[in-house]
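Enquirer: Next come the chains, spelled out residue by residue.
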Amino acid sequence: MKTLEEIKKIREEKRKELDLRVNTSADTREKHILVCHGTGCTSSKSPKILENFRRIIEEKKIENVRVIQTGCFGLCAKGPIVIIRPEDVFYAMVTPDDCEEIIEKHIQKGEIVERLLCKDIDNKTVKKLDELNFYKKQKRIALKNCGVIDPENIDEYIAFDGYKALEKVLFSMTPDEVIDVVSKSGLRGRGGAGFPTGKKWSFTKMAKGDQKYVVCNADEGDPGAFMDRSVLEGDPHCVVEAMMIAGFAIGANKGYIYVRAEYPIAVKRFQIAIDQAREYGILGKNIWNSGFDFDLEVRLGAGAFVCGEETALLESIEGRRGQPRLKPPFPANEGLFGKPTLINNVETYANITKIILNGAEWYASIGTEKSKGTKVFALGGNVNNTGLVEVPMGVTLREIVFDIGGGIPNGRKFKAAQTGGPSGGCITAENLDTPIEYESLQAIGSMMGSGGLIVMDDSKCMVNLAKFYLGFTVDESCGKCTPCRIGTKRLLEMLTKITEGKGEEGDIEKLETLCKNIQKASVCGLGQTAPNPVLSTIKYFRDEYEEHIRDKKCRAGECKALMKLHIDPELCKGCGLCKRNCPVDAISGEVKQTHVIDSEKCIKCGTCISKCPFHAIKS
Amino acid sequence: MINLTINGKAVQAEEGSTILEAARKVNIDIPTLCFLKGINEVGDCRMCVVEVEGRRGFATACIQKVEEGMVVKTSTPAVIEARRIVLDLILSNHDRECLTCTRNGNCELQKLAQEFYVDEIEYQGSRNEYEIDDKSPAIVRNFNKCVLCRRCVATCKKLQGIGAIDCIERGFASQVSTYKNKSLNDVNCTFCGQCIEACPVGALKEKDSTQEVWKALRDEDKYVVAQTAPAVRAALGEEFGMEIGTNVTGKMVSGLKELGFDKVFDTNTGADFTIVEEGTEFLDRFQNGGTLPMITSCSPGWVRYMELNYPELIPHLSTCKSPHQMFGAVIKSYYAEKMGIDPSKIFVVSVMPCIAKKFERTRDDMQGAGYDDVDAVITTRELARMIKQAHIDFLNLEDSEFDAPMGEATGAAAIFGTTGGVMEAALRTVQEKVTGNAFEKLEYEAVRGEQGIKRAEVDMNGKKVKVVVASGLKNAQTIMEEIKSGKADYQFVEIMACPGGCVMGGGQPIRSSKERATIDIRSKRANCLYSIDEKSTIRKSHENPVLKKIYEEYLGEPGGHKAHELLHTSYVERQKYLLDD
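Protein chains in written order, with the working numbering: chain A, 1 to 619; chain B, 1 to 581.
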């Protein structure tokens with residue numbers, strides 16, 4: 001147990017000690033080697049890198065060097081990432097075998113290991129993180145501590161203003177004042193729907209109930225999204241602290257965090273954070289003699305996407321099948337175990353401590369009129385810099401894709417980007433300059449979503465894209481209501497039919513009618529938004545649908561069933577390589593004569609294309 | 001009261017009522033499918049969607065509570081389109097072999113399809129195909145017809161407190177299933193059949209026994225005897241469009257005779273045997289320090305529930321067989337002997353309001369006279385089907401009497417078919433035996449009525465006898481927990497598996513969700529039985545002259561050796577879940 005005074009002392013001493021983490025001219029003889037331990041880098045052996053560094057340092061008896069595990073730096077495409085502070089030198093794609101060289105050259109001789117430096121999109125070699133275009137337009141609020149502190153060390157969190165916001169609300173604010181600050185900050189739910197956070201807190205505070213709960217939704221399920229995971233892995237205490245502040249504000253003394261079991265590192269670090277907070281007396285009874293009690297529990301999800309829907313999540317916490325409840329009543333009035341419950345998503349909580357410490361005006365000064373602050377995106381797909389980015393609201397998609405993301409690889413053209421995952425829609429080139437904010441994204445048929453952002457180049461077929469997302473929804477529908485259970489299945493079947501060249505006139509209109517009714521008649525957000533990928537691709541790429549149906553053609557070449565391979569007689573030299581490699585004997589021809597593909601037999605496997613030295617096989 | 005507008009009409013509705021209830025009050029109907037009042041109020045099927053001004057998306061009429069100033073539109077073109085598509089989707093994944101479906105003509109989905117004039121499925125697609133589960137002797141499940149409304153799941157879990165079935169898988173693969181997807185036969189199902197009553201379509205049905213009965217009737221060697229349970233006469237008329245609760249005893253007997261049964265007896269006579277035997281057993285336990293409380297055993301769903309869930313309390317269960325089993329044993333012994341008929345040629349058909357009786361018939365220790373007490377059990381619904389097959393003009397049948405000598409029964413036996421009836425009948429006999437006085441007032445109001453649990457105290461020569469009556473297995477569980485924990489000080493307990501007793505049995509005519517929500521079916525059927533009792537000249541089982549004669553001539557003393565051989569049975573501990581595989 002630590003008293004508030006002791007915590008303050010830790011903050012003061014540790015902050016000095018860790019100044020080098022954020023200050024390149026810090027007054028220190030120490031060096032810190034930071035090794036990313038997010039899920040991405042961990043799967044690329046970053047724990048082995050950390051182990052090697054420590055072993056080498058010990059063997060060589062080097063002093064004043066510490067090796068620290070951190071959360072995600074963001075540029076996952078270049079992982080595993082190692083950063084050396086205070087000089088802030090940034091090594092990319094490090095392997096365990098590189099450790100020796102880094103120690104010998106960088107640590108012992110002060111030389112930079114040039115070959116491990118990162119090359120930016122413009123081919124310039126970059127030494128420091130901040131010099132990368134990737135970081136220039138970013139603003140880290142939710143991710144402030146990610147990549148700076150050791151997420152498994154509460155002292156490091158405390159050093160960087162950790163639990164200071166809690167102290168502030170407990171000793172100098174009333175619950176109403178806390179809610180007022182959150183309201184005035186303009187923070188909106190980062191789970192995707194963008195409901196004003198302050199309003200939600202205020203509803204839950206006003207609800208009558210002998211027991212209230214605070215819940216954190218960490219059931220991040222959108223394919224390709226990993227914002228919340230990164231926050232939990234890189235800075236778990238900031239969520240613990242925010243949930244406590246929320247508990248104080250609404251009058252709850254118990255919190256649950258619902259995390260998917262597929263996030264083992266996040267689960268482990270969050271549990272460590274809870275244990276450490278309890279050990280310090282930050283969680284528990286009568287915290288710092290303030291009279292405020294609060295405790296937290298972790299609940300694991302079993303991987304159902306629908307459990308990210310708040311009421312299904314509550315059902316799951318209560319031990320039942322994860323199926324949504326009908327609203328109203330809303331969780332603010334009847335939530336967990338029938339009690340008033342506040343549910344926010346991880347990223348929403350990750351903003352709270354900063355808002356409390358820096359004030360509502362500060363936060364509200366960032367972003368646009370209706371969308372304040374920053375948004376974290378998991379940038380993926382056909383873009384050079386895949387990874388985690390946090391940008392102020394109002395930046396354009398063009399800035400994210402081309403300035404931060406470094407544009408489209410392999411010289412291909414940007415075709416569309418999908419935000420909001422399977423619930424969202426596509427954004428086309430003509431809308432690239434739309435500012436990222438809740439309303440403007442909705443206006444162009446997409447949505448903010450929780451932060452998945454998938455970029456697609458012109459090799460992607462939009463009918464196939466809709467089919468992909470519907471496949472996901474069909475798998476993840478809980479099966480409770482008819483429109484989602486059977487309707488999405490029928491959508492998928494119709495899309496499959498179209499991509500197989502069996503589409504008929506009228507199919508597009510049938511799709512639209514079904515989509516519209518699934519949106520309106522489904523019970524929960526999953527079903528209500530499931531048709532979005534279909535409707536938005538029809539809206540912007542109707543001609544591609546028509547081509548599939550009328551001309552049996554897929555311009556992107558993704559729909560194999562529509563592919564017809566033929567050999568260009570001008571280019572064919574009759575070498576016979578294609579014939580020998582065809583697995584179904586669909587190619588015939590004499591040596592040095594033009595070969596021919598029997599389209600009846602051809603299974604469009606593409607082997608011949610890859611084998612032909614003369615690029616004579618065309619689709 | 002809440003003021004709202006529905007389709008332009010100003011409506012007043014009670015606070016807490018739903019849009020559906022408010023609309024029905026002013027004769028505006030909203031279609032439903034998954035809704036089952038008080039049991040399945042979940043809004044899953046989406047048939048009842050309506051528009052509420054100022055709301056994004058549709059509201060769910062069956063559960064959405066009315067609010068002051070609410071403006072509801074129940075049949076806008078947008079609403080109709082959505083319902084039509086929802087219906088189309090359900091039908092697209094439904095085995096639409098209506099002609100060969102038990103529920104043809106009494107199917108809520110079929111009715112909706114008619115109303116919406118669905119002449120073609122617009123969104124055709126793949127269908128789930130499942131094997132039919134017909135392993136149990138009582139219930140057949142055909143998932144190919146299941147619409148996933150989950151009325152059965154809620155009935156089993158919420159109404160009966162069993163939870164033998166629930167949903168597995170998700171999305172399009174969702175399926176109502178059992179523990180490890182086993183047959184109902186091999187899990188904790190009690191065969192109460194309430195799920196069948198809840199099913200809007202033909203996904204759940206009784207195991208049909210009419211073919212066996214027809215076969216016996218065709219067999220000239222067989223002496224085919226029908227016996228009919230008390231509750232059947234209060235409901236059979238419904239199958240022919242008659243008012244709920246009409247007493248059709250006379251027509252039922254005529255109908256059975258026209259079908260070709262050699263004799264038509266009244267299970268009520270069997271019920272009188274049960275009272276005399278059970279009363280004797282109770283007195284013995286009560287006066288000689290036997291295991292108390294004693295619990296009735298005439299509801300086979302209840303008996304199975306007890307064997308599955310409270311085997312340690314089996315000594316509390318009366319060893320009396322249920323009335324039709326007793327009666328079958330008497331027919332195959334006393335009656336056969338008296339009439340000089342080879343008992344092996346007698347084929348006893350029980351017409352029952354019950355699904356679990358089909359299972360009970362197959363139990364061990366149900367061969368009192370050396371032969372199966374009962375050879376076939378058909379439900380009220382199956383009897384109606386046989387009458388319809390024979391093209392008997394039921395509505396215009398003349399009344400007939402049950403055949404002598406086994407057709408004489410008391411008013412006490414008639415009320416066996418409703419919750420509290422067995423207790424009331426038993427009290428009439430036991431109280432008189434103990435006190436030696438003939439009571440003038442025979443109505444024990446405390447054990448009548450719709451409550452799931454009814455407690456009462458009866459004075460017997462200064463000794464208080466505490467009794468409790470429970471119907472519905474969830475209520476039974478409450479009582480059993482009281483007994484198990486030692487908190488209960490009852491001496492006599494009546495339990496019926498079906499909520500409301502046999503009149504609401506799983507084999508009774510199936511009423512739609514709307515009828516269940518708007519009509520008090522239980523009271524109407526129960527009142528029919530109470531009125532039969534009231535009109536009876538003999539209203540106490542021990543005064544039944546037929547019984548007196550049979551005891552004198554054949555059985556000896558009630559509870560005696562011969563009576564035990566024929567009229568009592570034994571119980572077994574059952575595994576709730578077979579864990580072997």
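Simulated from the structure, these hints should not be mistaken for laboratory data. Backbone N, C-alpha and C define an ideal beta-carbon position, used for all residues, glycine too. Just to be clear, a hint being listed does not mean it is correct.
Computed spacing ranges between beta-carbons, pair by pair [as the list claims (entries may be wrong)]:
1) A/Glu500 / B/Met242: 27 to 33 Å
2) B/Glu120 / A/Glu500: 21 to 27 Å
3) B/Gln12 / A/Arg550: 33 to 39 Å
4) A/Glu590 / B/Ser126: 45 to 51 Å
5) A/Ile609 / B/Leu99: 36 to 42 Å
6) B/Gln12 / A/Gly303: 47 to 53 Å
7) B/Glu120 / A/Gly303: 20 to 26 Å
8) A/Asp568 / B/Glu81: 46 to 52 Å
9) B/Thr5 / A/Gly501: 49 to 55 Å
10) A/Gly303 / B/Gly16: 55 to 61 Å
11) A/Glu500 / B/Gln12: 53 to 59 Å
Enquirer: State for each hint whether it applies.
Expert: Evaluation of the provided hints:
1. A/Glu500 / B/Met242: 27 to 33 Å: violated, 56 Å
2. B/Glu120 / A/Glu500: 21 to 27 Å: This hint holds: roughly 23 Å between Cβ atoms.
3. B/Gln12 / A/Arg550: 33 to 39 Å: Check failed, 57 Å falls outside 33 to 39 Å.
4. A/Glu590 / B/Ser126: 45 to 51 Å: Distance hint for A/Glu590, B/Ser126 holds at roughly 46 Å.
5. A/Ile609 / B/Leu99: 36 to 42 Å: violated, 54 Å
6. B/Gln12 / A/Gly303: 47 to 53 Å: At 48 Å between Cβs, range holds.
7. B/Glu120 / A/Gly303: 20 to 26 Å: Hint violated: Cβ distance 39 Å, outside 20 to 26 Å.
8. A/Asp568 / B/Glu81: 46 to 52 Å: With a Cβ separation near 51 Å, A/Asp568 and B/Glu81 satisfy 46 to 52 Å, so the hint holds.
9. B/Thr5 / A/Gly501: 49 to 55 Å: The hinted range 49 to 55 Å holds for B/Thr5 and A/Gly501, with Cβ atoms some 51 Å apart.
10. A/Gly303 / B/Gly16: 55 to 61 Å: At roughly 38 Å between Cβ atoms, B/Gly16 and A/Gly303 fall outside 55 to 61 Å, so the hint is violated.
11. A/Glu500 / B/Gln12: 53 to 59 Å: holds, 57 Å
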